[in-house]
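Chemist: The sequence shown begins at 10 in this note's numbering and counts up one residue at a time.
Please note that a few of the clues may not be correct.
Unchecked claim - Mimicking DSBU-like on lysine-lysine, the simulated pairs with C-alpha atoms at most 30 Å apart in a straight line are: (1) Lys-232 - Lys-210; (2) Lys-176 - Lys-210; (3) Lys-212 - Lys-232; (4) Lys-222 - Lys-212; (5) Lys-176 - Lys-222; (6) Lys-232 - Lys-222; (7) Lys-222 - Lys-210; (8) Lys-176 - Lys-237; (9) Lys-210 - Lys-80.
As the list claims (entries may be wrong) - Restraint ranges, calculated between C-beta atoms of paired labels, are given here: (10) Lys-282 - Pro-81: 29 to 35 Å; (11) Arg-96 - Glu-229: 42 to 48 Å; (12) Asp-58 - Lys-134: 44 to 50 Å; (13) Pro-189 - Ser-167: 33 to 39 Å; (14) Ala-142 - Glu-236: 22 to 28 Å; (15) Pro-106 - Gln-183: 36 to 42 Å; (16) Ala-187 - Leu-63: 24 to 30 Å; (17) Gly-223 - Glu-179: 23 to 29 Å; (18) Tyr-275 - Gly-223: 21 to 27 Å; (19) Arg-239 - Pro-106: 44 to 50 Å.
Since the hints were derived computationally from the structure, they do not count as laboratory data.
Idealized CB from N, CA, C, for every residue including glycine.
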Amino acid sequence: MVQIQRSKFNKTHKLIIAALVLSICLLGLWLYGGQSAQPSHHAAIIDNDELLALAAESQPNPDIYASSLVKPGDPLFKGLYELQSLRRDLAEKALLPLAEAGSSDAMLWYGMTVLRSSVLSGGDKWIHEAAMAGNPYAMRRLVPAGETLQDCEWYLGSYCDDAWADKAREAFLQRLRANPDDVLSRYAASMDADRAAEAAKQKYYAPLVYLAKGYGKSYEDGKLSDEKARKVVSLLIMAANDNFTPAMDLLSSVFAPVLGYERATYWANRAIKLGNNSVLGILFRNIDEFKINSDRSYLIKSPSICIS
10 MVQIQRSKFN KTHKLIIAAL VLSICLLGLW LYGGQSAQPS HHAAIIDNDE
60 LLALAAESQP NPDIYASSLV KPGDPLFKGL YELQSLRRDL AEKALLPLAE
110 AGSSDAMLWY GMTVLRSSVL SGGDKWIHEA AMAGNPYAMR RLVPAGETLQ
160 DCEWYLGSYC DDAWADKARE AFLQRLRANP DDVLSRYAAS MDADRAAEAA
210 KQKYYAPLVY LAKGYGKSYE DGKLSDEKAR KVVSLLIMAA NDNFTPAMDL
260 LSSVFAPVLG YERATYWANR AIKLGNNSVL GILFRNIDEF KINSDRSYLI
310 KSPSICIS
């Protein structure tokens with residue numbers, strides 16, 4: 010009986026970790042491959058009444074894959090899971106056959122994976138192949154530094170070219186014309202803040218969390234009002250309710266003062282249960298509370314949380 014229960018626990022734990030993995034993986038793809046233009050703030054997410062209304066009605070979602078764009082059964086699932094589990098060798102084995110079979114998404118991920126091991130690994134060629142096959146995310150990887158947030162020349166050498174920026178935008182528009190409901194391409198083609206709100210309504214939260222980080226910086230600098238901070242928090246809670254762990258990270262760190270100790274710790278613990286490493290966040294939060302209240306119970310809580 011113990012072995013059966015342990016087996017069930019391990020299976021459930023792996024599925025939960027996988028959900029976290031893909032939320033982070035897809036956030037990373039958007040961050041590293043989708044920022045060839047600065048987001049427009051003409052329609053700030055905290056001014057979107059429809060989005061705020063949805064956030065107010067948001068409830069915890071029991072589906073751990075609610076905000077995941079790649080789910081079990083998707084050919085990329087195994088490779089992305091292994092990649093974010095820091096098992097790059099297994100990720101390479103899972104992604105290479107897909108890349109060789111012509112999947113431009115697999116080419117991109119395989120290229121990015123082997124490139125982490127060495128700039129001489131040939132990963133640059135795979136990313137270029139993905140771009141040549143029409144993958145707009147790969148195209149944006151090939152835009153020289155200055156337009157994107159990464160240094161193309163350092164890793165992708167002679168493949169870098171400013172012309173890829175326009176090609177990527179056109180590729181996203183082509184995807185959008187083929188599928189008008191493709192919120193990823195709709196946002197990537199414009200990078201407008203109102204598109205980020207539209208994407209969030211479809212449970213694609215990476216753009217929203219990226220914008221929320223900007224608000225978080227303003228909050229830490231004392232440049233964001235409490236009212237606006239509460240609006241940002243409500244939007245992050247909506248994403249967290251759909252098990253998007255990067256939103257939980259912000260709630261349990263930058264915006265912890267807005268939530269209060271108990272709620273911030275709740276989201277940190279929730280992120281841990283989904284496989285995220287929020288232990289240090291809880292530890293530092295408890296130390297801060299001890300400095301404020303001189304209550305040693307906060308110091309006692311920290312080791313027990315870290316051990317558990």
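Chemist: Decide, hint by hint, whether the structure agrees.
Modeler: Consistency of the hints with the structure:
{"no.": "1", "hint": "Lys-232 - Lys-210", "verdict": "27 Å, holds"}
{"no.": "2", "hint": "Lys-176 - Lys-210", "verdict": "28 Å, holds"}
{"no.": "3", "hint": "Lys-212 - Lys-232", "verdict": "29 Å, holds"}
{"no.": "4", "hint": "Lys-222 - Lys-212", "verdict": "18 Å, holds"}
{"no.": "5", "hint": "Lys-176 - Lys-222", "verdict": "29 Å, holds"}
{"no.": "6", "hint": "Lys-232 - Lys-222", "verdict": "13 Å, holds"}
{"no.": "7", "hint": "Lys-222 - Lys-210", "verdict": "19 Å, holds"}
{"no.": "8", "hint": "Lys-176 - Lys-237", "verdict": "37 Å, violated"}
{"no.": "9", "hint": "Lys-210 - Lys-80", "verdict": "19 Å, holds"}
{"no.": "10", "hint": "Lys-282 - Pro-81: 29 to 35 Å", "verdict": "19 Å, violated"}
{"no.": "11", "hint": "Arg-96 - Glu-229: 42 to 48 Å", "verdict": "35 Å, violated"}
{"no.": "12", "hint": "Asp-58 - Lys-134: 44 to 50 Å", "verdict": "48 Å, holds"}
{"no.": "13", "hint": "Pro-189 - Ser-167: 33 to 39 Å", "verdict": "37 Å, holds"}
{"no.": "14", "hint": "Ala-142 - Glu-236: 22 to 28 Å", "verdict": "47 Å, violated"}
{"no.": "15", "hint": "Pro-106 - Gln-183: 36 to 42 Å", "verdict": "27 Å, violated"}
{"no.": "16", "hint": "Ala-187 - Leu-63: 24 to 30 Å", "verdict": "27 Å, holds"}
{"no.": "17", "hint": "Gly-223 - Glu-179: 23 to 29 Å", "verdict": "28 Å, holds"}
{"no.": "18", "hint": "Tyr-275 - Gly-223: 21 to 27 Å", "verdict": "24 Å, holds"}
{"no.": "19", "hint": "Arg-239 - Pro-106: 44 to 50 Å", "verdict": "49 Å, holds"}
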